[in-house]
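Visitor: Chain residues, written in single-letter form:
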Amino acid sequence: MPEPSDPLNEGARRPPLDRERPLEPEGMEAPPMWLWVTIFAAAFFGAYYMGAYVGDFSADPHYMYRDRVAAVADEEPVAVDGGQVYTQRCQTCHQADGEGVSGVFPPLNRAEQWVTGPEGRPIRILLHGMEGEMEVRGNIYNGQMPGFGRLDDEEIAAVLTHIRQSWDNDASEITADQVAAVRDAEADRTAPWTADELLTEERSTVPGFDDTPVADE
Amino acid sequence: MSTTAAASVEEKKMRPPEGWREEVDASVRWPVIAFIASGTFWLIVGSVLALLASFKFNHPEWLVEQASLTFGRVRPAHLQTMIFGWVSMTGFGVLTWLWARLLKTKMRFGWLQLVSVAVWNVAMVIGTIALLAGFSRSIEWVEFPLFVYIIIIGAIAIAALPLFEMLRRRRVHHLYVSIWYIGAALLWGPFLLITFSLPIYEGVAHATANWWFAHNILGLWITPVGLAAAYYFIPKVIGRPIYSYHLSILGFWTLALFYNWAGLHHLVGGPAPQWGVTISIVFSVMMVIPVVVVALNHHMTAFGSLKAVLRSPTLRFIVFGAMSYTAVSLQGSFMSFRFWQEITHFTHHTVGHAHLGVYAFATMVLFGSIYYIMPRLTQWEWRSSRLINLHFWTTALGIGMYVVALTIGGILQGMTLLDTSATFMEAQFITEPWLYARSIGGTLMTVGHLIFGYLLYSIILKKGPELEGPVYFAPVLRSGASSSSAS
Numbered sequence: 001m002p003e004p005s006d007p008l009n010e011g012a013r014r015p016p017l018d019r020e021r022p023l024e025p026e027g028m029e030a031p032p033m034w035l036w037v038t039i040f041a042a043a044f045f046g047a048y049y050m051g052a053y054v055g056d057f058s059a060d061p062h063y064m065y066r067d068r069v070a071a072v073a074d075e076e077p078v079a080v081d082g083g084q085v086y087t088q089r090c091q092t093c094h095q096a097d098g099e100g101v102s103g104v105f106p107p108l109n110r111a112e113q114w115v116t117g118p119e120g121r122p123i124r125i126l127l128h129g130m131e132g133e134m135e136v137r138g139n140i141y142n143g144q145m146p147g148f149g150r151l152d153d154e155e156i157a158a159v160l161t162h163i164r165q166s167w168d169n170d171a172s173e174i175t176a177d178q179v180a181a182v183r184d185a186e187a188d189r190t191a192p193w194t195a196d197e198l199l200t201e202e203r204s205t206v207p208g209f210d211d212t213p214v215a216d217e
Numbered sequence: 001m002s003t004t005a006a007a008s009v010e011e012k013k014m015r016p017p018e019g020w021r022e023e024v025d026a027s028v029r030w031p032v033i034a035f036i037a038s039g040t041f042w043l044i045v046g047s048v049l050a051l052l053a054s055f056k057f058n059h060p061e062w063l064v065e066q067a068s069l070t071f072g073r074v075r076p077a078h079l080q081t082m083i084f085g086w087v088s089m090t091g092f093g094v095l096t097w098l099w100a101r102l103l104k105t106k107m108r109f110g111w112l113q114l115v116s117v118a119v120w121n122v123a124m125v126i127g128t129i130a131l132l133a134g135f136s137r138s139i140e141w142v143e144f145p146l147f148v149y150i151i152i153i154g155a156i157a158i159a160a161l162p163l164f165e166m167l168r169r170r171r172v173h174h175l176y177v178s179i180w181y182i183g184a185a186l187l188w189g190p191f192l193l194i195t196f197s198l199p200i201y202e203g204v205a206h207a208t209a210n211w212w213f214a215h216n217i218l219g220l221w222i223t224p225v226g227l228a229a230a231y232y233f234i235p236k237v238i239g240r241p242i243y244s245y246h247l248s249i250l251g252f253w254t255l256a257l258f259y260n261w262a263g264l265h266h267l268v269g270g271p272a273p274q275w276g277v278t279i280s281i282v283f284s285v286m287m288v289i290p291v292v293v294v295a296l297n298h299h300m301t302a303f304g305s306l307k308a309v310l311r312s313p314t315l316r317f318i319v320f321g322a323m324s325y326t327a328v329s330l331q332g333s334f335m336s337f338r339f340w341q342e343i344t345h346f347t348h349h350t351v352g353h354a355h356l357g358v359y360a361f362a363t364m365v366l367f368g369s370i371y372y373i374m375p376r377l378t379q380w381e382w383r384s385s386r387l388i389n390l391h392f393w394t395t396a397l398g399i400g401m402y403v404v405a406l407t408i409g410g411i412l413q414g415m416t417l418l419d420t421s422a423t424f425m426e427a428q429f430i431t432e433p434w435l436y437a438r439s440i441g442g443t444l445m446t447v448g449h450l451i452f453g454y455l456l457y458s459i460i461l462k463k464g465p466e467l468e469g470p471v472y473f474a475p476v477l478r479s480g481a482s483s484s485s486a487s
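Respectively, the protein sequence lines represent chains A and B. Position one of the first sequence corresponds to residue 1 (this note's numbering), numbered consecutively onward. Position one of the second sequence corresponds to residue 1 (this note's numbering), numbered consecutively onward.
Just so you know, the hints here were simulated from the structure itself, not pulled from any lab data. Note that the structure is a prediction, hence the values are computed from the model and not measured. Accuracy of the hints is not assured; some may be wrong.
Said to hold, decoys possible - Now the stretches of chain A that chain B is said to cover, found in silico as 3 or more residues with beta-carbon under 8 angstroms: (1) 29-43; (2) 79-89; (3) 94-107; (4) 165-176.
By construction, the Cβ of each residue, glycine as well, lies at the ideal position given by its N, Cα and C atoms.
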């Protein structure tokens with residue numbers, strides 16, 4: 001059945017202005033009942049929500065979350081995840097498997113003198129970085145290891161413990177107190193370390209922790 | 001003299017003469033074309049900027065050598081060219097035409113609008129270059145340097161002068177609902193710009209004013225023009241009256257009352273006082289009322305005219321836009337809730353929502369309006385219904401993909417961000433496929449914009465074959481029984 005009148009076809013083939021019909025005045029239908037119900041439901045909900053969450057008109061943005069803010073303040077600090085620090089900070093150079101990049105970034109796995117050696121060395125490397133020639137697993141590297149002194153003691157301890165106990169490595173844990181002790185003792189140091197410096201006894205130990213450095217070589 | 005006689009004299013003076021449409025359309029021809037063409041230019045500039053920004057999500061290392069092409073500059077430049085170039089300028093052209101048609105009076109001092117277009121374009125050029133050169137105010141939605149907004153406010157004021165003059169000389173008694181929306185937007189838009197340009201905010205108050213402004217530019221400047229166009233074209237093309245005058249009134253005044261309060265829901269979880277945020281959530285929910293009212297009014301008008309919607313380019317775009325308005329508004333009411341924002345805040349989800357509003361609603365309605373207006377202004381038909389069809393499907397599918405991808409991708413991103421065992425990067429990687437889909441959608445839309453730009457160029461310069469009769473998606477029936485009965 002054709003539509004009673006099809007405005008789109010009116011005056012077809014005539015220029016645009018001649019094929020328009022006037023805009024008709026609006027109809028006068030009354031709003032349906034369900035619309036009023038919706039409107040009042042929305043208004044009721046609004047009033048309820050306002051009452052429930054108006055927060056006493058307090059200017060404190062945490063007003064409604066004071067318990068939660070307090071709870072967070074009381075919480076035991078979460079242990080830092082060394083593996084996560086490693087993925088974020090070290091993995092790009094030393095790789096996920098700890099094998100480094102041949103000739104450029106030395107391996108951390110089985111790097112006996114450095115990673116799993118006396119605690120003082122890796123701590124110092126992390127705090128201030130390292131540069132110049134060094135030997136790892138029989139290969140010579142000569143690059144620049146950035147310092148990570150801006151990480152806090154917990155983070156440095158966690159990532160060092162992580163690399164000392166990952167892959168084939170199995171050495172003792174490093175604690176935040178040890179990191180703090182070295183940071184304290186080397187407070188004046190800004191330049192990166194060199195291999196020669198770190199291989200001395202003085203730079204291998206953690207002051208106040210370890211008086212019997214492990215013999216190297 | 002009796003009062004009735006006076007009234008009828010008055011009425012006679014009011015009645016527009018025969019052929020008023022030709023007269024009225026001729027008077028607004030060049031200003032409206034200038035606004036629409038400029039807006040379309042900015043649409044294409046904005047699309048290129050958008051694609052740059054979008055591709056950077058897929059290939060972060062792409063085009064990073066020049067500071068001017070980095071994400072932090074391209075993205076605000078995209079936003080500003082789209083809002084103050086495309087939507088605002090084209091919107092001004094469309095509202096000027098609607099205004100003239102609905103007041104049935106011709107525009108005097110049309111040259112003022114041409115001056116306005118020129119000034120406005122200069123402001124846009126300066127602003128865009130400034131953003132790319134690094135002079136951003138870093139305030140979302142108002143990144144241009146301050147003086148650019150002052151020029152734009154001036155341009156709007158100049159362009160509005162002839163419109164107010166027309167209101168004085170109107171040849172109608174009853175002001176149609178579209179006139180209310182446009183008139184209100186002409187007051188609200190500059191008011192928003194002026195108020196937020198004042199140097200009186202600091203800190204949390206600044207953030208609060210910022211979101212009040214940004215949300216209202218959408219709700220009280222862009223939305224009213226879109227609704228005015230939908231209110232005009234749906235009944236006009238279908239040939240049936242708007243369902244209910246009462247609903248029109250209800251929809252207008254509830255929008256006017258509620259929208260203004262909603263902006264602060266952008267600061268959920270931020271440092272603003274709780275009660276302010278709560279009030280904005282309440283009014284975001286109350287926005288359901290004007291939205292349902294308008295949807296009902298439009299739906300009841302278009303109901304049963306599916307054929308016309310499928311055949312007429314104007315209607316197809318506008319009905320798509322009107323449906324998107326309902327969708328985006330209801331989604332927005334829901335998104336204002338705190339429990340939901342815990343997931344979606346600061347994710348791509350919000351970006352999807354913004355495009356559902358500014359694109360799927362406002363932009364599609366503008367396209368539809370232009371398909372109706374231009375043949376009247378130029379006395380020339382669109383060159384090809386195929387191309388219009390292609391324009392519709394590229395943009396409709398493009399925005400569809402875009403919104404679906406970011407809506408889902410954003411939720412996944414938000415849930416991963418909340419998961420304390422996941423790293424920040426995991427929350428980024430999970431969005432990868434969705435961001436590819438976004439780029440594909442954006443590319444489709446841009447193709448559509450180029451087609452539209454070509455069609456617009458052709459009709460303004462009267463290129464292409466001289467066609468007889470309207471360009472519809474289906475062939476026009478030869479004047480048969482149905483058409484001879486009318487007119």
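Visitor: All hints are to be evaluated individually against the structure, with a verdict given for each.
Guide: Hint check results:
Check result for the region 29-43 of chain A against chain B: holds, 9 residues qualifying (beta carbon to beta carbon below 8 angstroms, three or more required). By the rule of at least three residues with a Cβ nearer than 8 angstroms to a Cβ of chain B, the coverage given for the region 79-89 of chain A holds, with 3 such residues. Coverage of the region 94-107 of chain A by chain B is violated in this model, with 0 residues showing a Cβ closer than 8 angstroms to a Cβ of that chain against a need of three. By the rule of at least three residues with a Cβ nearer than 8 angstroms to a Cβ of chain B, the coverage given for the region 165-176 of chain A is violated, with 0 such residues.
The structure does not agree with the numbered hints 3 and 4 stated previously, though it agrees with the rest.
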